[in-house]
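A.B. asks: Just need the whole structure built from these sequences, with the hints factored in.
As they're listed, the protein sequences go chains A and B.
Counting in this note's numbering, the first sequence runs from 2 upward without gaps.
Counting in this note's numbering, the second sequence runs from 12 upward without gaps.
Simulated from the structure, these hints should not be mistaken for lab results.
Please note: incorrect hints may appear among the correct ones.
Partial list, derived from the structure: chain B residues whose beta carbon lies under 10 Å from chain A [stated by the list, open to error]:
#1 Thr46
#2 Phe77
#3 Thr88
#4 Tyr158
#5 Pro159
#6 Met195
#7 Ala199
#8 Asp253
#9 Ile339
#10 Val343
#11 Phe371
#12 Ile385
#13 Val441
#14 Val444
#15 Tyr468
Every residue gets a Cβ at the ideal spot worked out from N, C-alpha and C, and that includes glycine.
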Amino acid sequence: MLNRKVLSALGVLLGAAPAVAYDSSYNMPVGVTQIAREVHSLHMIVFWICVAIAVAVFGAMIYSIIAFRKSKGAVADTTMLHSTIVEVIWTTIPVLILVGMAVPAAKTLVRMDDTRNAELSIKITGYQWKWQYEYLGKGISFYSTLGAESNYARQLHSGIDPNTVKDYLLEVDHEVVVPVDTKVRLLLTANDVIHSWWVPDFAVKKDAIPGFINEAWFKSEKIGHYTGQCTELCGRDHGFMPIVVNVVSKEDFARWVADQQAAAKAAAEGAAPTATTATTIAPAASAAAAR
Amino acid sequence: MAHADTHAAHDHDHDHKPSGIGRWLFATNHKDIGTLYLLFALLMFFIGGAMALAIRAELYKPGLQFFDPGFYNSLLTSHALVMIFGAVMPAFVGLANWMIPLQIGAPDMALPRMNNYSFWILPFAFTLLLSSFFTAGGGPAGGWTLYPPLSLQAGDSFPLTIFAIHMMGASSIMGAINVIVTIMNMRAPGMTLLKLPLFCWTWLITAYLLIAVMPVLAGAVTMLLTDHYFGTSFFNPAGGGDPVMFQHIFWFFGHPEVYILILPAFGIVSEIIPTFARKPLFGYDAMVYATASIAFLSFIVWAHHMFTVGMPLAGEMFFMLSTMLIAIPTGVKVFNWTATMWKGSMTFEPPMLFALAFLFLFTIGGFSGLMLAIAPADFQYQDTYFVVAHFHYVLVPGAVFAIMAAVYYWLPKWTGHMYNMRLANWHFWVSTVSVNVLFFPQHFLGLAGMPRRIPDYSTQFTDWNMVSSVGGFVFGFSQILFVILIWQCVRGGAKATDKVWDGLSHGLEWTVPSPAPYHSFDTPPEVH
Chain A
2 MLNRKVLSAL
12 GVLLGAAPAV
22 AYDSSYNMPV
32 GVTQIAREVH
42 SLHMIVFWIC
52 VAIAVAVFGA
62 MIYSIIAFRK
72 SKGAVADTTM
82 LHSTIVEVIW
92 TTIPVLILVG
102 MAVPAAKTLV
112 RMDDTRNAEL
122 SIKITGYQWK
132 WQYEYLGKGI
142 SFYSTLGAES
152 NYARQLHSGI
162 DPNTVKDYLL
172 EVDHEVVVPV
182 DTKVRLLLTA
192 NDVIHSWWVP
202 DFAVKKDAIP
212 GFINEAWFKS
222 EKIGHYTGQC
232 TELCGRDHGF
242 MPIVVNVVSK
252 EDFARWVADQ
262 QAAAKAAAEG
272 AAPTATTATT
282 IAPAASAAAA
292 R
Chain B
12 MAHADTHAAH
22 DHDHDHKPSG
32 IGRWLFATNH
42 KDIGTLYLLF
52 ALLMFFIGGA
62 MALAIRAELY
72 KPGLQFFDPG
82 FYNSLLTSHA
92 LVMIFGAVMP
102 AFVGLANWMI
112 PLQIGAPDMA
122 LPRMNNYSFW
132 ILPFAFTLLL
142 SSFFTAGGGP
152 AGGWTLYPPL
162 SLQAGDSFPL
172 TIFAIHMMGA
182 SSIMGAINVI
192 VTIMNMRAPG
202 MTLLKLPLFC
212 WTWLITAYLL
222 IAVMPVLAGA
232 VTMLLTDHYF
242 GTSFFNPAGG
252 GDPVMFQHIF
262 WFFGHPEVYI
272 LILPAFGIVS
282 EIIPTFARKP
292 LFGYDAMVYA
302 TASIAFLSFI
312 VWAHHMFTVG
322 MPLAGEMFFM
332 LSTMLIAIPT
342 GVKVFNWTAT
352 MWKGSMTFEP
362 PMLFALAFLF
372 LFTIGGFSGL
382 MLAIAPADFQ
392 YQDTYFVVAH
402 FHYVLVPGAV
412 FAIMAAVYYW
422 LPKWTGHMYN
432 MRLANWHFWV
442 STVSVNVLFF
452 PQHFLGLAGM
462 PRRIPDYSTQ
472 FTDWNMVSSV
482 GGFVFGFSQI
492 LFVILIWQCV
502 RGGAKATDKV
512 WDGLSHGLEW
522 TVPSPAPYHS
532 FDTPPEVH
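C.D. replies: Printed below as a string of structure tokens:
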């Protein structure tokens, strides 16, 4: 809260509050979680502090360039060589500014790290080049790959104008569905190389690393579609493994879970002849069913 | 007899140059080796630049126009390796070779044959690296950071890349040893360490960084090699290895490496600003201590490159706070440069223009660096174009502009000719405007959500990518002016005086004739 007050105060001071664009093509989205808003305000605070320092430092440089030029008859003061007091001042002031930044940053960092009391856990596995989502304890599992339309358009010399494709490169065949106002814990890993799962609106970016399980969480306060992309170079099609999270109401989520479980059950029964191996390949089988 | 002796000595001083190709192949003269390094760096700057333009061409609009995504990854990987190890580092070593003996009053570098060796490794290293484009599977495509397991998926380019990196590292270490031995042992009488020109100081510290971290990189890539070919599992999780360990080792090298790429630039700017402000550098001691502090901090901040790997909270906290500390000595440097200009008497010759552009634009890169240090916000910035904008601001209008400033500053001393000022001013203004058109919009792209290292993007990123690409092409082609200017200056031009610049003449290099004689300072000058 304090952060936002400081931010708006700074914005008003600089008369630039309206220039702070949200969800624009040139700034970070505010996002739809408490954490995302905190991160956004941290970003803006540090940004405005940098602007303020820049005004002071660049101002001094520009003033020197204008005022102390030989062509204007300026004579150099060659006795001005050193000043311990000045050095101490311009070491101390930055220290204070940094402490001012570090305190809110550390607080947010601590909150981001706290994955306790999650109401839903999803295990996310990165593959070259798709994501697998497993809803722990719910028997739901599926793969999510780039949507077909984008996939046609993105081929070299496809002849398809990407501007004609809706949500080009940000659409998938199977969206992750999560309930609104619910703390969702993510368990991230990978099966081949390192990937990174990023949804800017949740301010969640975490690497999915083979042999490791990383944790992250978000609690979306708004229903809607939120997109993101893999952000760790993972080979040829790194640019083509998007993430789409569909945040729905709790009732819609319950219905979706029931539908998925029914479909998975039907698929498992359909695959009865290979029942002995079904337990080990269950995720893949249900994913196939989900397709 | 006396006459003959003098004549012989004179001969030795000024005229005895080996001739033909042998002068360059078997070069032991610090000026010849410096020239070789600088020309090599210029060539690599254009090769790496051509790759960058290919990347900007592909990114001009959404959809894949020219390249397969795999080839695109090879381009961006090689662009980074060529620019870092082929262009910026050799350019600084070239400047060190030319200028350190001249600035400290020494006749040559301390270890001339090793000097020759350290240069001549480089053309072979880069031939290997670039020839990997013609192997099965194409060039290295895992990013210059070589993160496993991805880098282990490489084809035949892999051993070539690793061996090339080993050779570059050996070359850098030899260059660094030479710099340290020269500065420590060959200073003119009276030149105490705290009278050393700042370019020498920053290079001395850089050389220690190089010796400390290049072996770390060599170790990391050797472990990759054995993982790939000899069945070890240092980084392979399937065999119990740890891919994150590679990142820690790599960035323990990588962060000091970042300062290896910028500290000599600080030194250059600290030489140029006093000259054209006609006022000695403000706070010399503070500048030296700030440089040393930055070098020390560079060893304890590496994991800020990997905030998203899932470190424990305490680790993230430590690396966030230690990284923020870097702003303090860096700020001290910027403030001291500003104070040097304050109450000066400034003129704006090309070296000063480039140094001023450095001052403004490097500082912008510093601001985005401070933003990146804030770990919670870094989760949003990490691996996006915001990072690309940040490190290009500190490397292009930072390191590269400082190198250009140095060339414009010392070229008359090297060639004995003044260069075409009009052309130099054109080069400066076109470069400075276009470099901002090129890199500033990338901040917006990153904040709006565009990941780095992707060959194609969602359509909402189109506008800023187009702007960036236009800037890229203008910047790239404007560098041809630089080559024309150097070519003209080598061939002829108005005679340069010993002092060259009408400014505050500081440093021993301005006491020798222009062009600097082949063997300078046979008898050491006295420094008071």
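A.B. asks: Taking the numbered hints from earlier one at a time, note which ones the structure violates and give those numbers from smallest to largest.
C.D. replies: 1, 6, 7, 13, 14
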